[in-house]
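Line order of the protein sequences matches chains A and B.
Using my numbering, read the first sequence as starting at 1 and increasing by one per residue.
Using my numbering, read the second sequence as starting at 705 and increasing by one per residue.
Everything labelled a hint here was simulated from the structure, so no lab data went into it.
Glycine included, each C-beta is placed from N, C-alpha and C at the ideal position.
Check each hint, because a few of them may be wrong.
Claimed, not checked - Only some residues are given here: those of chain A computed to face chain B with a beta carbon under 10 Å:
#, residue
1, Cys18
2, Ile22
3, Ala23
4, Gln27
5, Ile35
6, Arg39
7, Arg46
8, Ser50
9, Phe100
10, Leu107
11, Phe124
12, Leu127
13, Ala129
14, Glu461
What follows is the residue order along each chain.
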Amino acid sequence: MSAAALIERDFAVPDIRCAGCIAKLEQGLVRDRRIAAARVNFTEKRVHLSYTPDTGMPELIGAFSNLGFEAHPIGTGPDEAGIEAETSRELLRAVAVSGFAMMNIMLLSVSVWSGATGATRDLFHWLSAAIALPTVAYAGRPFFRSAWRALRHGGTNMDVPISIGVALVCAISLYETATSGPHAYFDGAAMLLFFLLCGRWLDSVMRDRARGGVAALLRNMGTGAMVIDDGDRSRWVDATALEPGMVMLVAAGERLAADGVIVGGESQLDLSLLTGESVPQNAGPDDRVHAGTLNLDAPVRVRVTAAGADTAIADIARLMGEAAQGKSRYVRIADRAARFYAPAVHCLALTAFAAWMIAGAGWHHSLLIAAAVLIITCPCALGLAVPAAQIVAAGELMRAGVLIKDGSALERLAEVDRALVDKTGTLTLGRPEALGLERFDDGVKSLILALAQASRHPLSEALMRGLRTSDVRPVEVTSIRETPGFGIEALWGDRIVTLGRPQGRGLGDALATELSVDGRAVATIGFADRLRPDASEAIAALGREGIDAMILSGDRAEAVAPVARELGLTAQTGMSPHDKLAAIERQAAQGHKVLMIGDGLNDGPALAAGYASMAPGSASDVGKNAADCIFLGDRMMPVVQTIRMARRTQAIVRQNFIAAIGYNIIAVPLAFLGFVTPLVAAIAMSGSSLIVVGNALRLKGTIR
Amino acid sequence: MNGLIFLIPIALGLGLLGLAAFFWSLRKGQFDDLDGAALRIFVEEEEGREA
Chain A
1 MSAAALIERD FAVPDIRCAG CIAKLEQGLV RDRRIAAARV NFTEKRVHLS YTPDTGMPEL
61 IGAFSNLGFE AHPIGTGPDE AGIEAETSRE LLRAVAVSGF AMMNIMLLSV SVWSGATGAT
121 RDLFHWLSAA IALPTVAYAG RPFFRSAWRA LRHGGTNMDV PISIGVALVC AISLYETATS
181 GPHAYFDGAA MLLFFLLCGR WLDSVMRDRA RGGVAALLRN MGTGAMVIDD GDRSRWVDAT
241 ALEPGMVMLV AAGERLAADG VIVGGESQLD LSLLTGESVP QNAGPDDRVH AGTLNLDAPV
301 RVRVTAAGAD TAIADIARLM GEAAQGKSRY VRIADRAARF YAPAVHCLAL TAFAAWMIAG
361 AGWHHSLLIA AAVLIITCPC ALGLAVPAAQ IVAAGELMRA GVLIKDGSAL ERLAEVDRAL
421 VDKTGTLTLG RPEALGLERF DDGVKSLILA LAQASRHPLS EALMRGLRTS DVRPVEVTSI
481 RETPGFGIEA LWGDRIVTLG RPQGRGLGDA LATELSVDGR AVATIGFADR LRPDASEAIA
541 ALGREGIDAM ILSGDRAEAV APVARELGLT AQTGMSPHDK LAAIERQAAQ GHKVLMIGDG
601 LNDGPALAAG YASMAPGSAS DVGKNAADCI FLGDRMMPVV QTIRMARRTQ AIVRQNFIAA
661 IGYNIIAVPL AFLGFVTPLV AAIAMSGSSL IVVGNALRLK GTIR
Chain B
705 MNGLIFLIPI ALGLGLLGLA AFFWSLRKGQ FDDLDGAALR IFVEEEEGRE A
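Here chain B stands alone, though its shape is the one from the complex (with noise of 0.2 Å):
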C-alpha cells in the first residue's frame, strides 16, 4: 500500500509528462511536414560542402 504513494503519481506525472511533450512537438509544428522529414536527411547541407 505504501508503494501506491509513489508509484501512482510517477505514473501520472510520466503520462503528463508524454502529454505536454505532445501538446509542445504540435505547437513547434514537428508534425507540418511528416514526409518532408524523411526525405531531409538526403539533403546535404550547402555550408558543409564548401567547408
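Bound-form chain A, shown alone (with noise of 0.2 Å):
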C-alpha cells in the first residue's frame, strides 16, 4: 500500500453532536485497514477520509454505519462549490489586509492629529501613503471589479459611489502630502474599504455556510447502485457512472438511483416524493420505476433506461426553469437603496465642488471639500446594515435547525402574507408509523421489539421509533432469517414466531404487518403516514401572523380530507405540478405574496415559483435545491419561527437604514460647510457603523 495512491473523499454525517462522536469517528475508522487517515470538522458536519482506492463506496459507508453513523459521500473533487468558497477566502484576505493598513495608518494619523507638524508631518502621511495605496489596489478590487461591470452595462450601484470616493480621495490626499498640506484623509479610505469589505464577507460566508449545509442534506436520490454484470457478479457504480441499459439490484429500503424498467421481483414502492401520493404502489416486471422512489418491500432488478441528469423527469425539470426565472426578478433592499443613494451622492459631492468654486475657494479647496462630502457619504453603515442583521439572524436560525440560503431569501420571507402547503412530507411526516402500538401488552411488545430490530425493512424501522417510547426490552430469539417480501422468521424459546405481511385477510393497499407465534396471528399494526405533531399549532401560529393557509396536494381527495379538517384547512387534491404552478400564479396575480412549503419532485416547480419557499429537511433534493429555507427535524414550528425572524431582520434592517440617514443629514451639512477634517471623519464613520452592527446583534436570542 502506497501512500500515494490514496483517495481523498468528503462525507456527510449529520449526526455528529458531541466530543465523543469525534474520538469514536477518528479512532474507529482507521481501524479499517483500508482507511489510513480519518478527520472530522465539526463545524460542517463533516468527515475527511484518505483510502487506498481498492475500498468501494458501500464499504466506506459500511465502515461509518458500524460505528452507528450515517454518511453520505460528498461530490468529486473541485466544483461549483469549491470556487464560491475561494471569493469568501479571498474576501478574508482583503478584510485582513485592510484591517491591517487601516491599524497602521491610524497609528500615524493619530499623531498627526495631536500636533505633529513640519517635516515630522509630511514623513507621516508618505508613510501612511506607502501603506495606503497598495491596499486599495488590493483590498479594493471587489469594488472596482463590481463598479465597473455596473457602468458598462449602463447601471449604477453602490460600489459605483465607492470606488469613485476612494480613488478620489487618494488622488487628492496624495497631492495634499506632496504639496506639504495638513490634511491627508488616506485613513479614511482605509477605514472605508476595512468596514466595506466585513460587510462583503459576512454576506458571503453565509451563503457558503448554507451551501454547506444544503450540500450535507442532498442525498435522497441513490447516490449509486449494487450493477449486476452478465456473469451475475455484483458491483456497486456511483449514480453518475450508470448507464442506460445496466441492470441494478435494488435493496428493500434503498433508494433507486435511476430511471428504469423491473425486469425481476415485486415490491411495494413509496412515490411520496414523486407524486404526494401517500399509499405504496405494488410494482411488478415491466412496470416504470423512476428515481428518487423508495423501495419497501422486497429486492428488485431494475434496467437503467434513464440515469444522471435525464432522470428527474424532464417536465418538471423545464417547468422549474421557468418558475425560476420569476424569482431572480427580485431586487434585493440594499440594491434597491442604492438605486437613489448613488446619484444622490453624487450629485451632493458635485454641487458642493460647484458651490465652493463658485463662492471663489479655488480648484484645490473646493475639490477637498467634495472628497469630505464622498467620504461621509460613502454607505459605510449602509454596506454593514444589511448583511450584520442577516448573518445574526440567520446564525439564530441554523441554531434552530432552519437553513437559510441566502440574505435575499429573508427580506423576501418577511414580506409573504399566504402559505401554500403540500400535505404528503409536509404537513405529515412523510414516512410509516406505527397505529396503536399502545394497545398490546409488554409480552408482545417485546416480541415485536426483537423481531423489528433484526431488519432494515422501513416497517421495522417504524416499529423500532413507536416501541422506543414505551419502555420495553426484547426477548431471547435464536435463528433468526429474513425473507424478501414476506419478513421475519425466528425461534422464541422452541416456538416460531414470525412479524411480516398479513396473511389472507383483505386489508386493501394498506401498510400492515402481523405477529403470529406458531402460524397463530397474535396482533395486527396498522401503519400510516402521521400528521407532524406540531402542525395544527403551527397553522394557527400562521394565522396569527397574518398568513393564510392552504393545501396544495398531489394525493387523492380521501387523503386529503382527514387532514384539511384536523387543521381547519382548504385544500386542492390531485394536483399535478402543473396545477400547483398555476396556482401560485393565480394568487400571485391576485397581489399575494406566496410562501411555497413543499417536499416532493412534483413541488419542484411550485417551489421555485412561489414568492419565498421552504422544505423539510426531508424532502427530495431537487426540492431542498429548489426552497430558499429548509427545516430540519419533525416540528413544523420552525416555519413559523423563520418568518417571525425574517420579520425582525426586515425590522432591524430598516432601523439600520434610518440611522444611517439621520446621520448623513448631521453630518452632510457639516462636510459641505467644510468641517470636516480626517479626524472628524474617522469618529464618524466607525460611531455609525457600530451603532448599526450593535443594533444587528440585538437579534441574538430571538429564538427562545
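Make one complex out of these two single chains by using the hints.
Encoded structure:
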C-alpha cells in the first residue's frame, strides 16, 4: 500500500453532535485497514477520509454505519462550491489586509492629529500613502470590479460611489502630501474599505455556510447502485456512472438511483416524494419506476432506461427553469437603496465642488470639500446594515434547525402573506408510523421489538421508533431469518414467531404487518403517515401572523380530507406539478406574496415559483435545491419561527437604514461647510458602523 | 525624532508579522473547524490509553 495512491474524499455525517462522536469516528474509522486517515470537521459535520483505491463506496458507508453513523459522500473534487468558497477566502484576505493598513495608518494619523507638524507630519503622510495605496489597489478590487461591471452595462450600484470616492480621496491626499498640506485622508480610505469588506465577507460567509448545510442534506437520490454484470457478479456503481441498459439490484429500503423498468421481482414502492401519493404502489415486472422512489418491500432488479441528469422527469426540470425566472427579478433591499443613494451622493459632491468654486475658494480647496462629502456619505453603515443583521438572523435560525440559503431569502420571507402547503411529507411526516402500539401488552411488544430490530425494512424501523418511547426490552430470539417480500422468522424458545405481511384477510393497499406465534396471528399493526406533531399549532400561529394557509396536494381527495379537516384548512387535491404552479400564479396575480412549503419532486416547480419557499429536511433533492430555506426535524414550528425572525430582521434593517440616513442628515451639512477634517470623518465612520452592528446583534436570542 | 527611525519600522514590522501569521493560519486550515477545536480537548488519544 503506497501512500501516494490514496484517494481523498469528504463525507457528510449529519449526526456528529459531541466530542464523543469525534473520538468514535476518528479512532474507529482508521481501524479499518483500508482507511488511512479520518479527520472530523465538526462545524460542517463532515469527515475527510483518505483510503486505498480498492475500497468501494458501500464498504466505506458500511464502516460508518458499523460505528452507528449515517454517511453520505459529497461530490468529487473541485466544483462550483469550491470556487464560491474561494471568493470568501479572497474577501477574508482583503479584510485582513485592509484591517492591518487601517490600524497602522491610524497610528500615524493620531500623531498628526495630536500635533505633529513640519517634516514629521510630511514623513507620516508619506508613510501613510505607502501603506494605503497598495492596500487600496489590493483590497479595493471587489468594489472596482463590480462598479466597472455596472458602469459598462449603463447602470449604477453601491460600488460606484465607493470606487469613485476611494480613488478621488487617494488622489487628493497624495496631492496634499506632495504639497505638504495639513490634511490627508488615507486613514479614511483604508477604514472605509475595511468596514465595507467586512459587510461583503459576512454576506459571502452566510451563503457558504448554508450551501454547506444543503450539500450535506442532498442524499435522497440514491448515490449509486449495485449493478449486476452478465456473469451475475455484482459491483457498486456511482449514480453518475450509471448507464442505460445496466441492471441494478435495489434492496428493500433503498432508493432508486435511476429511472428504469423492473425486470425481476415484485415489491411495493413509496412514490410520495415523486407524486405526493401517500399509499405505496405495487410494482412488478415491466412496470416503469423512477429515480428517487423508495423500495419498501423486497429486492427488485431494474434495467436502467435513463440515468444522471435525464432522470428527474424532464417536464419537471423544464417547469422549474421557467418558474425560477420570476424569482431572479427580485431586487435586494440594499440595491434598491443604492438606486436612489448613488445618484444622490454624486450630485451632492458635485454641488459642493461647484458651490465652493463659485464662492471663490479655488479648485484645490473645493476638491478637498467634495472629497470630504464623498467620504462622509460613503455608505459605510449602509454596506454593513443589511449583512450584519442577516448573518446574525441566519446564525440564530441555524441553531433552531433552519437553513437559510441567502440574504435575499430572508428579505422575501418577511413579506409573504399567503402560505400554500403540500400534504405528504410536509404537513405529515412522510414516513410510515406504527398505529395503536399502546393497545398491546408488554410481552407482545417485546416480541415485536426483538424481531423488528433484526431488520432494516422501513416498517421494522417504524416499529422500533414507535416502541422506543415505551419502556420495553426485546426478548431473546434465535435463528433469525428474513425472507424478502414476506418478513422475519425466528425461534422464541421452541416456538416459531414471525413478523410479516398479514396472511389472508383483505386489508387492501394499506400497509400492515402481523405478528404470529406458531402460525397463529397474535397482533396486527397498521401503518400510516401521521401529521407532524405540532402541525395544527403551527398553522394557527401562521394565521396569527396574518398568513392564511391552504393545502395543495397531489394525493387523492380521500387521503387529504381528514388532514384538511383536522387543521381547518381548505385543500385542492390531485394536483399535478403544473396545477400547483398555476395555483401559485393565480394567487400572485391577486397580489399575494406566496410562501410555498413542499417537499416532493412534484413540488419543485412550485417551490421555485413561490415568492419564498421552504422545504423540510426530509424533502427530495429537487425540493431542497429549489427551496429558499430548509427546516430540519419533525416539528413544523420552525416555519413560523423563521417568518417571525425574517420580519424582525427586516425591522432591524429598516432601523439601521434610518440610523444611517439620520447620520447623513447631520454629517453632510458639516462636510458641505468644510468642517469635516480627517479626524471627524474617522469618528463618524466608525461610530455609525458600530451602532449598526450593535443594533444587528439585538437579533441574538430572539428564538427561545 | 531619532526614536522614530527605530519605532516606526518596529511598529510596521509587528503589524506585518500579525498579518503574515493570520494568512499562515488561514492557509493551514486553522479556521476550518472552529466549533470542533473546542470539543477536541475532551477527546482522549487512543494510544495514550493503551500505553
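Against the structure, the hints:
The restraint placing Cys18 (chain A) at the interface with chain B holds, with a minimum CB-CB distance near 7 Å, inside the 10 Å limit. Hint on Ile22 (chain A) holds. Least Cβ distance to chain B is approximately 6 Å, under the 10 Å limit. At its closest, the beta carbon of Ala23 (chain A) sits 4 Å from a beta carbon of chain B; the interface hint therefore holds under the 10 Å criterion. Here the hint on Gln27 (chain A) is kept, as its CB sits about 5 Å from the closest CB of chain B, short of 10 Å.
Given hint, Ile35 (chain A) at the interface with chain B, is violated; its Cβ is 15 Å from that chain's nearest Cβ, farther than 10 Å. The interface hint given for Arg39 (chain A) is met, as the beta carbon of that residue sits about 9 Å from the closest beta carbon of chain B, less than 10 Å. For the restraint placing Arg46 (chain A) at the interface with chain B, the shortest Cβ-Cβ distance is roughly 9 Å, inside the 10 Å limit, so the hint holds. Interface restraint check: Ser50 (chain A) against chain B, minimum CB-CB distance 15 Å, threshold 10 Å, status violated.
Restraint check, Phe100 (chain A) versus chain B: the minimum CB separation of about 5 Å is within 10 Å; hint holds. Because the smallest distance between the Cβ of Leu107 (chain A) and any Cβ of chain B comes to about 6 Å, under 10 Å, the interface hint for this residue holds. With a cut of 10 Å, the hint placing Phe124 (chain A) at the interface with chain B holds, because the nearest CB-to-CB distance is about 9 Å. The beta carbon of Leu127 (chain A) is positioned within 10 Å of a beta carbon in chain B (closest approach about 7 Å), and the interface hint is therefore held.
Taken as an interface hint, Ala129 (chain A) does not check out: its beta carbon lies about 14 Å from the nearest beta carbon of chain B, beyond 10 Å. Hint on Glu461 (chain A) is violated. Least Cβ distance to chain B is approximately 30 Å, over the 10 Å limit.
Consistency with the previously given hints fails for numbers 5, 8, 13, 14, ordered from lowest to highest.
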